[in-house]
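J.: Residue strings, one per chain:
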Amino acid sequence: MGGCRLRDTIGYHLDDTLVERLHRRAKAGQWRLTVDRFGAALAASAESALGAFAPSRKEIEKYLHSLRLEDLALACACADGDEEAWEHFVREVRPTLYRAAGALDPTGGARDIADSIYADLYGLQERDGVRRSLLRYFHGRSSIATWVRSVLAQRYVDRVRAAKRVEPLGDENEGGLVLSVPCSPPDPDRGRYIESIRHAFGRALAALAPRERLRLACYYEQQLTLAQTGRVLREHEATVSRQLARTRRTIRADVERQLRDLGFSADELQAAFDSVVQDTGPIDLGEMLCKKPELDRSVSEEMS
Amino acid sequence: MSDRNQAIERLLRARVNRSREVEGAECLSADTIAAWADRTLTARSREAVEAHASDCTRCQALLAAMVLTETEPEPARSFWGGPVRWLAPLAAGITAVALWVAVPEQQAGRDLDQRPQLSESEAQPARAVADEPAALEDASPPAAAVPQESPMAGADESVSAGAPSEALGGARERDATEQLANEFGSPGRGGVVGGEVQGQARLEETGAASEVARRSQAQMAKEPAPPAAEEVQNGALALRSSADVMVEQRAFADRLDRRLEVSTADDAVRWRLGPDGDVERSRDGGLTWSARPTGVGPDLLAGAAPTAGVCWLVGRRGTVVLTIDAETWRRLPFPEPADLTLVEASDGLRASVTTDDGRTFETTDGGATWTEVARP
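Those protein sequences? They're chains A and B, same order as listed. Position 69 (the first sequence) corresponds to 69 in this note's numbering; numbering is contiguous. Position 265 (the second sequence) corresponds to 1265 in this note's numbering; numbering is contiguous.
None of these hints come from the bench; they were simulated from the model. It is possible that some hints are incorrect.
[What the hints assert, rightly or not] Calculated from the model, a selection of chain A residues having no Cβ within reach of chain B, i.e. all distances over 10 Å: (1) His13; (2) Gly51; (3) Glu70; (4) Arg94; (5) His139; (6) Leu226.
[Unchecked claim] Quick list of the computed label-pair ranges, beta carbon to beta carbon: (7) A:Arg165 with B:Asp1003: 30 to 38 Å; (8) A:Arg203 with B:Asp1003: 19 to 27 Å; (9) A:His13 with B:Gly1093: 28 to 36 Å; (10) A:Pro106 with B:Gly1286: 34 to 42 Å; (11) A:Arg57 with B:Leu1090: 43 to 51 Å.
Heads up, the beta-carbon is just placed ideally off N, CA and C, and yes, glycines get one too.
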């Protein structure tokens, strides 16, 4: 079986002694992986990760030593069609994959993705008589189980996003906030207020540091809990909570400043904020019947 | 002021990160995301990942998915994380040893007092039967048993879900025993325990009784452990004519004999197909078997296992299933609803099957497409 065809693309020349040493450390011999073959995989990994940086020899060596060598050897052997390696891989990684699928969709919706990934990892597709395993793309920068989880996450997210694209237009208006019909007589300035505040809000968001935006996105857009958001950002959940509160204060201050700069009086400023609070979201006849807006995640606990 | 805070909160819910989406080649690769999750990225690379994800909803979702699928979050460090953590198991160990030294003599004395009549050979099967109802309860809905051999024990729904396990083989054999025993029981008592109790009554009547069978009914009602299955079976058989017994034994043997065994290149690994469509795999040369349910029912007629992990099975009405990991099966499309009586395979991609009317079809892409081979 053909495995990773790497030699053609290798720009790095790795020291033979180094490769042999890493080959031993990876216990690649147990999968009948030759030193040459493993060396090619190492070189491909280095090129993939460091290619853009023109690294020094020492940097390359440091990088190679940081790799999950045993997992890389296993991936190479599986991609090359070594049945024993494949059985080992299945034994070790399969539980992780199915657990991850269950975590992504407890109703079992991700299970078929996990199964299809297995087929791709095994390499059911052939090109020019050579089995093409997805494991060719594993470079040892993480554990193989994490990498498989990452592949699953990619496919799951893409499927969910694709499904959203074909859904009929719902409550999410790409253009911005949806104006609802108010219960009270309409304020002629309401549209102007909302439009102004929306622009100011967008600019305030853009002015945030990437890390702050990511924190907001994890919490609001991805609906992660504080603890989960903290795991994304390597922060304690209490820190996440504090930082979110601080960011919201920053945004609010920025929006107020921008509106004042636009000439809003104090009353108009308050009316603009009130307009946003009173907005009931999507245009829905049922919703239009004098329902108060509902906030399912109260801000009051974190904003004084 | 709180209205303003609410307004910001509302805006965040409605608007955050809809401003810009980056997709495609710019997005983070699976390799990078995995390295991010395993914390092997350099600080610079990590910042780059965060910077990208802060503007890319797809990659935010990916990072979120990685967090959601983490098996164990990093434990918070506490004073307990130091050498102190060894104190609890150490203390528990010392306590256990102390109890072991102090208690057994008294306990052994009580045990002897409680069951002086039971010989060792009788005590053993009695315990086995006491465990049996639970085992059968597990096996009767197919989802309950998990293969001993499977690395996915407790985690793989597909294995546990259709799927009697290794225990099912034993459960089926017990089913036959149970049938024999239950024929002597009252119609309403189909369970193994009921059957055995009834069988035991017969044991008393025929005089072919053991120490267990000599107990009074009152003692039996108090005694949670039912009698041994072997005893029940022997007692039941004693009441039947030899011809009946022969018929029953033949039927039972036929059930076992009809298992079609499929060997692999690895002598230790074997597959077998049962008459009910059950598929089992052994990794110890046939000593023990664990279920590998295919979900296709009793339609399977033949199999081929070119490697230890790959197995093709074919059957009636164009049934073809394939596993490449010795665990999960994929049902493959077949162009005709013909009965397939033979399969030969060289790996997980290439196989040829023969229909009951002698035609041969080949695949070289793992069963995605089939080509009929022209007859000579």
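J.: Compare the structure with each hint and give your call.
T.: Quick rundown of the hints versus the structure:
1. His13: The claim stands: His13 of chain A keeps its Cβ more than 10 Å from every Cβ of chain B (closest is about 22 Å).
2. Gly51: The claim stands: Gly51 of chain A keeps its Cβ more than 10 Å from every Cβ of chain B (closest is about 13 Å).
3. Glu70: holds, 14 Å
4. Arg94: Nearest chain B Cβ is 6 Å from Arg94 of chain A, so the label is violated.
5. His139: With a cut-off of 10 Å, His139 of chain A comes too close to chain B, as the shortest Cβ separation is near 5 Å.
6. Leu226: holds, 12 Å
7. A:Arg165 with B:Asp1003: 30 to 38 Å: holds, 35 Å
8. A:Arg203 with B:Asp1003: 19 to 27 Å: Once the Cβ atoms are compared, 21 Å apart, the range 19 to 27 Å for Asp1003 of chain B and Arg203 of chain A holds.
9. A:His13 with B:Gly1093: 28 to 36 Å: For His13 of chain A and Gly1093 of chain B the Cβ distance comes to about 55 Å; the hint is violated.
10. A:Pro106 with B:Gly1286: 34 to 42 Å: With a Cβ separation near 38 Å, Pro106 of chain A and Gly1286 of chain B satisfy 34 to 42 Å, so the hint holds.
11. A:Arg57 with B:Leu1090: 43 to 51 Å: Holds - the Cβ-Cβ distance for Arg57 of chain A and Leu1090 of chain B, about 49 Å, lies within 43 to 51 Å.
Checked against the numbered hints listed earlier, the structure breaks hints 4, 5, 9; every other hint is satisfied.
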